[in-house]
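Using our numbering, read the sequence shown as starting at 21 and increasing by one per residue.
Among the hints, erroneous ones may be present.
[Stated by the list, open to error] Straight-line distance between alpha carbons at most 30 angstroms, and here's what the computed DSS-like set of lysine-lysine pairs gives: (1) 170 / 368; (2) 180 / 52; (3) 274 / 333; (4) 201 / 143; (5) 102 / 52; (6) 180 / 144; (7) 274 / 368; (8) 143 / 220; (9) 52 / 63; (10) 170 / 102; (11) 220 / 368; (12) 52 / 178; (13) 368 / 333; (14) 242 / 220; (15) 180 / 242; (16) 170 / 180; (17) 201 / 242; (18) 52 / 252; (19) 222 / 258; (20) 252 / 178; (21) 220 / 258; (22) 367 / 52; (23) 220 / 254; (24) 220 / 367; (25) 367 / 252; (26) 222 / 52; (27) 333 / 397; (28) 63 / 137; (29) 63 / 144; (30) 274 / 201.
[Said to hold, decoys possible] Have a look at the derived ranges for each label pair, beta carbon to beta carbon: (31) 341 / 219: 37 to 45 angstroms; (32) 100 / 147: 14 to 22 angstroms; (33) 127 / 91: 23 to 31 angstroms.
Think of the hints as simulated: they come from the structure by calculation, not from any bench.
No experiment lies behind these values; they were computed from the predicted model shown.
Here a beta-carbon is modelled for each residue, glycine too, at the ideal position from N, C-alpha and C.
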Amino acid sequence: MEWVQPPENSLESLSQGLLAFDGVEFDLRLTKDGGVIIHHDAKVSTCEEVRSGLESPWVENNNLDELCALDFTSFENFLADKDVQMRLNEQAAMICVELKPPHPSSGASGGWLASGKQRTQMKKLVLAAEEILSEYSVSIQNSVFYAFFKGLPAIISKEKIHRPASTLWPIIPSFGGRTFKRTVCFPQYLSTPLSRLIRKQKANNSPMVPCALEYFIPPTNKLPIGSSVGLKGKQLQKLRQATGGFPIYVWPGKLHLEAELINAGITPLTDNAAPSIHTLPCGSARWKKPATLPLSNEWINLFSTSPQEEHEKLISQANSELTPWHELNYSEQKNVVTLWRNRYEWKKSIDELMESCSPTTMPWEAVRLIGHRGCGKSQRPIY
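The whole structure should be built from the sequences, with the hints applied where relevant.
Here it is in structure tokens:
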């Protein structure tokens, strides 16, 4: 039967994405009754006819049960899934949890000028999400909060939450169309080269840098002040010098750039989960678990040099012969981390990197492939 992409952020999409990739990214919103729903848009992503029957078109003004009745997934139901628990708590998979502030027109955070109330709303969301993550014993090594909200690190620090968090930059407003948002963000982008962005994230104790693809591809990579970085040649060397192995997560992780991004030591967030994709546009075989089912240099060479007609068989062979991260002993994990450190020119010592290694965790530096909203974003309306 032909594979059909499940709706974004659905339990089916997220569980499939976790099984297919090294992790998934998704979005959380706080409901009227204090629940946590997995939902991207500010307005409920249904057709107008269905939405008109709700108490409000805004997600935050509806109760959790009402949204779940429309097939949206609660955060708790996601974490209660057996496949999700297996991947997160036993197999070192990763979740990137984006916390969404409400639209000002919703009134959920006090309106257009009530910045203090927006902070209160985000604090409630952080605390509710953290409570659920803790209940299901999700490791702080396998999860990260982030948001287009500059007050997030302060909330994390003040509330003594140990789970790491990062501010998405440039900060996109929670209102307006695509053109408006890009216009607002442009000055931030111009004034923040990657090296400065890394310093900002480190200063906020973030373990990684989530950022836009524009930093790495021409012509947009040349726009920020300072030295530009890229995925090839001298610009790739500048990238590795700038990061020193500090983890970079990029969206969109476009399929034609996937191999280059991973080769550069960058974790892409992909919208392409179709099992039928065996060959990347660059001609290499596609490998969807570079971290949790790591390839040796010999396998990497096979993936890049084998004829395309052999890729499906090669991928199947790798899946059956390779040992997943969680089944490697300490010595074998150390060999893998040493290979990664040399390949990507990480600055940390092997001993430092191994401090965060176990069958269920790995260094933040590990280069992964992450499913965006599970198996990829969907057309609107979702339901």
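Query raised in the report: Does the structure break any of the earlier hints, and which numbers would those be?
Result: 10, 13, 15, 18, 20, 22, 26
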